[in-house]
Amino acid sequence: MIESALIYGLVNSLVILLTALGFSLVFGLSGIANLAHGGLYIIAGYLTWILLKRLDLPLVVSIVLAILVVATCGALLYRGVIRPIKGTTWSEVVSTYGILVCIVEFFRWRGFITYEFSLPPFLKGGIEILGVSLDYQRLCVVIIGALLLLALFLFSHHMRLGLALRAMAQDELTALSVGIEPNWTATVSMALGGALAAIAAVTLLPMGLITVNLGYDILVIALAVSVLGGLESLVGLALASLLLGYAQILVSTFVGSHWMEIVYLVAIIGVLIFKPSGILGKFKELEERV
Amino acid sequence: MQPYRKERLDRGAKVRTEDIYALASLRDLVYALGPRALAVIALLIAPFLEPLIGVYWMKVLLITLVVSLLAVSWDVLAVAGLPSLGQALFFGVGGYMTGYLNHQFGWPPGVCIPIATVAGAALCTALLTPVLRLRGIYFGLITLALPLVFSRLIEATKILGGTEGLSGLDPLPNFTLELYLGIAAVLFFAFAYRRLIESDYGMVLQGINANDRVVLASGISLTKFKVEAVFLAALPGTLGGALLTHHYQFVGMPAFAMEYSLLPLASAVVGGTGTLVGPVLGAFILTPLSEVLRSFGTLRMVVYAIILVVFAVGVPEGLLRFLQRKYHQFQRVVPVEEVAWSDGSGADLADRRTA
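So the protein sequences, as listed, match chains R and C.
Each step along the first sequence adds one to the number in numbering that gives the first Met the number 0, with nothing skipped, and position 57 is 56.
Each step along the second sequence adds one to the number in numbering that gives the first Met the number 0, with nothing skipped, and position 351 is 350.
FYI, nobody ran anything at the bench for these hints, they're computed from the structure.
One thing to keep in mind: the hints can contain errors.
[As the list claims (entries may be wrong)] Simulated restraints, written as ranges between beta carbons of each label pair: (1) R:E180 - C:D199: 53 to 61 angstroms; (2) C:A256 - R:I126: 42 to 50 angstroms; (3) C:P107 - R:Q169: 56 to 64 angstroms; (4) C:E17 - R:W183: 45 to 53 angstroms; (5) R:D170 - C:R35: 43 to 51 angstroms; (6) C:L8 - R:G110: 35 to 43 angstroms; (7) C:R212 - R:I126: 51 to 59 angstroms; (8) C:D199 - R:A4: 38 to 46 angstroms; (9) C:Q103 - R:Q169: 53 to 61 angstroms; (10) C:L37 - R:R78: 36 to 44 angstroms; (11) C:S166 - R:L160: 31 to 39 angstroms; (12) C:V29 - R:T71: 49 to 57 angstroms.
[Said to hold, decoys possible] Below, a list of computed lysine to aspartate or glutamate pairs in the EDC-like style, where the Cα atoms sit at most 20 angstroms apart: (13) C:K325 - C:E17; (14) C:K58 - C:D169; (15) R:K85 - C:E17; (16) R:K85 - R:D216; (17) C:K157 - R:E260; (18) R:K85 - C:D211.
Please read these numbers as outputs of a predicted model, since none were measured by experiment.
Where a beta carbon is used, it is the ideal one built from N, C-alpha and C, also for glycine.
Between the sequences and the hints, there should be enough to build the whole structure, so can you do that?
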């Protein structure tokens, strides 16, 4: 019972982490609230499905192609839509939201809503850990989530490009004065966000069906994690995911699985009331939140 | 090649009618008041056109009025720097509240609607108050999440009729009354809020949007003003929800549907944000369009979303401001004069003036 809660809580936490990573990273690194994140996520899911089932490509090739295409979509989204209106909050929010609705409703219109849409897991079968049976896909989620977090941490703290992105987020004027190009960094971070959304999609979708409403649900999760963890730290993001993941498992065990959705909302509102900068948020406090 | 540029100049009539002198001639008076009088009269006589255009389009008119109310509500929030992505929240709360009062206590719509409007707005304000400490996008994201969570909650816990909803509610006495209630509400909220935004009170709201730290430094409580703005904005939204609920005699999970979030938002952006009357114009363009596209299923949502993005990125001023400009100003092409560099003494300026 306890072992099962511990292990599935961890899996759930990493599911949440993967879901939120792309959104949170783009927001933290370039200050763009990319509401189209959910749209990119389902594009990745359906694209992989089409490449796999319709064009009969191998799984690995489809996944790599999907990640590349969605990353390009992210970059194009910045170049085409966000750049002309950057700085006007409501336009950014409204137009990326428009893109999200456009993508989700397009798939709904084309009839991508039946039960045939599901991706195969990376590996079939499962193992037993501490007497709890766990399938390989959930194990993959944990491993990929942890590896991505580590890779992103190294990228943003030890590589020139990552440091440039963080510099831009922390102090735009100073970053400009040392020669960091704002449009380039924003494009890179949007592409990165797209790639992360695609990775999350191909890793998480084998555990269920691909449904169009995921486009909206993903966004709510990403928001909860971002608000809870504070926007600028990966550690905060990981902590928030763990907190939400275990809270959800507790709620579904003791209260009922219907109420799992409410955990997000309660978490957001609780944090906003008691510590509006998030668990670990510091320097964005004044600027973003007044 | 001689370079040219476009020049815009105010029309004579506009300059004359900006002041009390508009009263001097009937022509100027018509110029100044004509457009809005025409719009108001068109709205007021619309319910009489039923024999001409049929009951179906009358129902579309009612939906259009409700969307207009939601769009005005969006615009008030946007003026205060709070872009909402979930107008369906106001719609749904208003609808469910009047539905519950009517269903549970059997109160007539005449009592339920006002109560649901005010109490619903208060409830929405209470729900959104925690978020108001933050700026911009957090508000939008929470408003996006709330209707989704509400419909999930109703589905899961089966409160308020669950997935079945509450049906068999009392209708208003007749359809014309519903239409006139809607028309009166749209006219009242659009023009009253337009006036409010231009008052000193509205200046504070605009200031919060433009630079909240300056407002804070002036010793004004941001939270107080934002809470009031949300309450004021919620009023037309909940009223719209309550009206349409009694028209359908049903309220259920569709009240929190995406459509009631997207359509007002698109209307406000197409019509022109911050003008309060523009969103009504936008609603009167987009809602009938939505009825025409109804047979295409969710493709129409794609169409709105594209219209929304095109206007938000390409025509941020919106249709109303564009039309106003065409009405008040004319445009001509003039050659660009060569500008001489000044040495700062002002002598060259003097030369040109005498020349």
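Exercise. Of the hints stated earlier, which fail here?
Worked result: 1, 6, 8, 11, 15 and 16
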